[in-house]
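Taken in order, these protein sequences are the chains called A and B. Quick note: the first sequence uses the working numbering, first residue 1, plus one each step. Quick note: the second sequence uses the working numbering, first residue 1001, plus one each step.
Derived from the structure by calculation, the hints contain no laboratory data. For clarity, every value in this text was computed on a predicted model and none was experimentally measured. The beta carbon of each residue, even a glycine, is placed where N, CA and C say it ideally should be. Just so you know, not all the hints are guaranteed correct.
One-sided and incomplete, this derived list gives chain B residues near chain A with beta-carbon spacing under 10 Å [as the list claims (entries may be wrong)]:
(1) G1038
(2) V1075
(3) I1194
(4) D1197
(5) S1199
(6) A1235
(7) A1239
A partial selection of chain B residues facing chain A, derived with a Cβ cut-off under 7 Å [said to hold, decoys possible]:
(8) G1074
(9) S1104
(10) V1105
(11) I1156
(12) P1157
(13) G1195
(14) A1196
(15) G1229
(16) M1230
(17) G1232
(18) H1234
Using 25 Å as the maximum straight-line C-alpha spacing, the simulated DSS-like pairs for lysine-lysine come out as follows [what the hints assert, rightly or not]:
(19) K206/A to K1140/B
(20) K1162/B to K100/A
(21) K1169/B to K100/A
(22) K1017/B to K1140/B
(23) K160/A to K206/A
(24) K133/A to K93/A
(25) K160/A to K1040/B
(26) K160/A to K133/A
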Amino acid sequence: MTREEILTGLYEQTLVGNGPEVLSLTEQGLGMGMEPSTLLFDALIPSLEEVGARFERGDFFVPEMLIAGRAMAGAMERLRPLLADTGVETIGKFLMGTVKGDVHDIGKNLVNIMLEGAGFEVIDLGVQVAPEKFVSAIEEHQPDIVGFSAFLTTTMPMFKANINALEKAGLRDQVIVMVGGAPVTQEYADAVGADGYAADASATVKRAKDLLAGKRALVGAGA
Amino acid sequence: MTEPVALRQTILRSATKQVTIGHEHPFCIIGERINPTGRKIFQEALRAGDLSLIEKDVAAQVAGGADVLDVNMGVPLTDEAELLENAIRLVQSLTDLPICIDSSVVEALEAGLAAYQGRALVNSVTAEDERLAAILPLVKKYDAAVVALPNDHDEIPMESGKRIELVGKIVRVATEEYGISIDDIVIDPLAMPIGADSSVGATALETIREIKARWGLNMTCGASNVSFGMPGRHAINAAWLPLAMGAGMTSAIMDARTPAVVESVRAADLLLGHDEWGGTWIRMHRAKVAAAAAAEAAAAEAAAAATPAP
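Work the whole structure out from these sequences, hints included.
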């Protein structure tokens, strides 16, 4: 197999969510001496970007999105330590979780897939994540952005509780806070003092990139 | 083998009408659209105190064949209790169907129950201790029935055994600690989206069969939840409900405006022996024929009016 064939294969097999094949092609590529970053940026990420685009157009459905995301995650598990060793930077680190009291995770998982497809490193804390857990995870992982997901009007108030906990821990200024979920609105996001809101998965990616660019420009200017 | 358990009957009432949810009864369609979640214009109107959009939703669900109406007033940044109380009064002035009062805010449930005339269905409680302790006393106080979900603090249990265990807990706490009749507990066995995990349909069906066999309880579900994220949602919902009914599901919270899904439910009623001599099925057929004839006549009249006289 040529290097070009490895990349094409990775792209196509990720697109159809063939996890075992994606992992096998990743191994083959590494065995041939290909750079982990090449596999990531020239095959996996473009493929997941295409998955997201098709989902947004209504050409792809939830199961297809999930299996593609899982195929990429399998390869990333293999690549992540190698990428870290070679000092390859992702575009940003995104810490994600569904708030305490809420067990809904499909929407959050779709957003994670889109973020990974855009080159973010995503750390997913799962569902029912208490404010203290967000605080300790922010301390541990030092993410650029933290995302709170809520599916119920009754669990949305946890956004405010989480933000309060970040303030109390002195972490609020270090991290961009994004909120989202079916009942959430821009108005509600503003009311609780979040930095960003997006209505769907692809809008989340755009908003996350914008917020990150804004923050980096600010840090650059302030330095 | 132990004796088969009694099959439970959940009786709901408005001021003037009674509806029975039960295994030997026609499936209970709980019309679901009186709910502003995800509807921006509706939310803004409600915030401004304008409840007029509710009338249209009620009319559509009644016309579609709903037996009970689910009323949810979950609008962020508002006084949900006051809104729900007003909505309940309004809906009861528009229809004699019993109401399923839908909120996870305890104060809103209480306000809704206090305003309601009849015997309501409360939607919902989970198996979490503090939810049971907050909501079951209201169910008892206002002589209502309650939808209960077998999930607790952790994730939604994906295996049937854990859900059955939590149903057991709900039944024990509700009947022994709060004196609620087992007839008035309606379990939502948690039918998850099939698009996110291909095994969830089978798990839900297994859970439904087991709940019926052990306790004979009534059950309900959000009918459209199973098809989330999939194309052809109506067809999936229309296949799901008869499968669930065959296993022991006795009601669903669903959009009665979708004829394909309502018809699948009534056809399954007929086939399960819950529609004697096909009375309901034939009546639905005649209504459909009459509506089509009326539409045709109206179209012909409009065409005749548009044609200039010779």
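Taking the hints in turn, this is what the structure says about them:
1. G1038: holds, 6 Å
2. V1075: With a closest approach of 7 Å, the V1075/B hint holds.
3. I1194: The hint holds - I1194/B has a Cβ within 10 Å of chain A, the shortest such distance being about 8 Å.
4. D1197: This hint holds: D1197/B lies near chain A, its Cβ roughly 9 Å from the closest one there, short of 10 Å.
5. S1199: violated, 12 Å
6. A1235: violated, 14 Å
7. A1239: violated, 17 Å
8. G1074: Status holds, d = 4 Å.
9. S1104: holds, 4 Å
10. V1105: Status holds, d = 6 Å.
11. I1156: holds, 5 Å
12. P1157: violated, 10 Å
13. G1195: Where the cut-off is 7 Å and the nearest Cβ of chain A is about 4 Å from G1195/B, the hint holds.
14. A1196: With Cβ-Cβ at 5 Å, under 7 Å, it holds.
15. G1229: holds, 3 Å
16. M1230: Nearest chain A Cβ about 6 Å off; hint holds.
17. G1232: violated, 10 Å
18. H1234: violated, 15 Å
19. K206/A to K1140/B: It is violated: about 50 Å lies between the C-alpha atoms, which goes past 25 Å.
20. K1162/B to K100/A: holds, 21 Å
21. K1169/B to K100/A: Satisfied, since the Cα-Cα distance of roughly 22 Å is no more than 25 Å.
22. K1017/B to K1140/B: holds, 21 Å
23. K160/A to K206/A: Holds, at roughly 23 Å.
24. K133/A to K93/A: holds, 17 Å
25. K160/A to K1040/B: holds, 22 Å
26. K160/A to K133/A: At roughly 15 Å apart (the allowed maximum being 25 Å), K133/A and K160/A satisfy the hint.
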